[in-house]
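Trainee: Sequence:
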Amino acid sequence: MGPYRADLVETYWRWEQDPALLVGYGRQAPESFEARTEGMAHQLRGENIRFTIYDLTSGNPVPSGVATLLPDHSVRTAEYVIMLGPEARGRGLGTQATRLALDYAFHITNLRMVWLKVLAPNTAGVRAYQKAGFRVAGTLREAGYWLGQVCDEIIMDVLAKDRRGPSVIVPLLPE
Numbered sequence: 028m029g030p031y032r033a034d035l036v037e038t039y040w041r042w043e044q045d046p047a048l049l050v051g052y053g054r055q056a057p058e059s060f061e062a063r064t065e066g067m068a069h070q071l072r073g074e075n076i077r078f079t080i081y082d083l084t085s086g087n088p089v090p091s092g093v094a095t096l097l098p099d100h101s102v103r104t105a106e107y108v109i110m111l112g113p114e115a116r117g118r119g120l121g122t123q124a125t126r127l128a129l130d131y132a133f134h135i136t137n138l139r140m141v142w143l144k145v146l147a148p149n150t151a152g153v154r155a156y157q158k159a160g161f162r163v164a165g166t167l168r169e170a171g172y173w174l175g176q177v178c179d180e181i182i183m184d185v186l187a188k189d190r191r192g193p194s195v196i197v198p199l200l201p202e
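Taking our numbering, I'd label the letters of the sequence shown as residues 28 to 202.
Read the hints as simulated data drawn from the structure, not as lab findings.
Worth double-checking, as some hints may not be accurate.
Stated by the list, open to error - Quick list of the computed label-pair ranges, beta carbon to beta carbon: (1) Pro193 <-> Glu58: 33 to 39 Å; (2) Glu114 <-> Asn137: 19 to 25 Å; (3) Lys158 <-> Pro88: 18 to 24 Å.
Virtual Cβ for every residue (Gly too), placed ideally from N, Cα, C.
Using the sequences and the hints given, assemble the complete structure.
Mentor: Next up, the structure:
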């Protein structure tokens, strides 16, 4: 993962127009490139923590998605949102990126909990979040839409104390 980059706004926008992503986010209309460009300037100035996800399998870093933490500093928590481009899905990249984002959230930002919402029919997303350490915390009944049908929205969370897997950050710190 690396910094969120203004020069990738067209790439981010292209991913956001993918029908599979529009369904997963529950959005109902695409966004114009002009609106996305204006929104990018706001995002770069905001307090949210955004990362570009890179695929390293070819040897060269290829932008493949975005991971975002939306912190609520007053209670030391954050909502997590991830977006993968169509070519990056189904290979475990989302799970790896989520683990790295959680490592950052708990060891750099010192959050105590990270949570997310996922539409219940998005079973691949639910599985990826569970592999990264999230647990189901509850359900908002009929809170979303999936392919034109009302569906539940699942709330998932992970606590810092429940974090699974090795940290990539902790070994970099002096003892």
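Trainee: Each hint needs a verdict: does it hold in this structure or not?
Mentor: Results for each hint:
| no. | hint | result |
| --- | --- | --- |
| 1 | Pro193 <-> Glu58: 33 to 39 Å | holds (38 Å) |
| 2 | Glu114 <-> Asn137: 19 to 25 Å | violated (34 Å) |
| 3 | Lys158 <-> Pro88: 18 to 24 Å | holds (23 Å) |
The structure does not agree with numbered hint 2 stated previously, though it agrees with all others.
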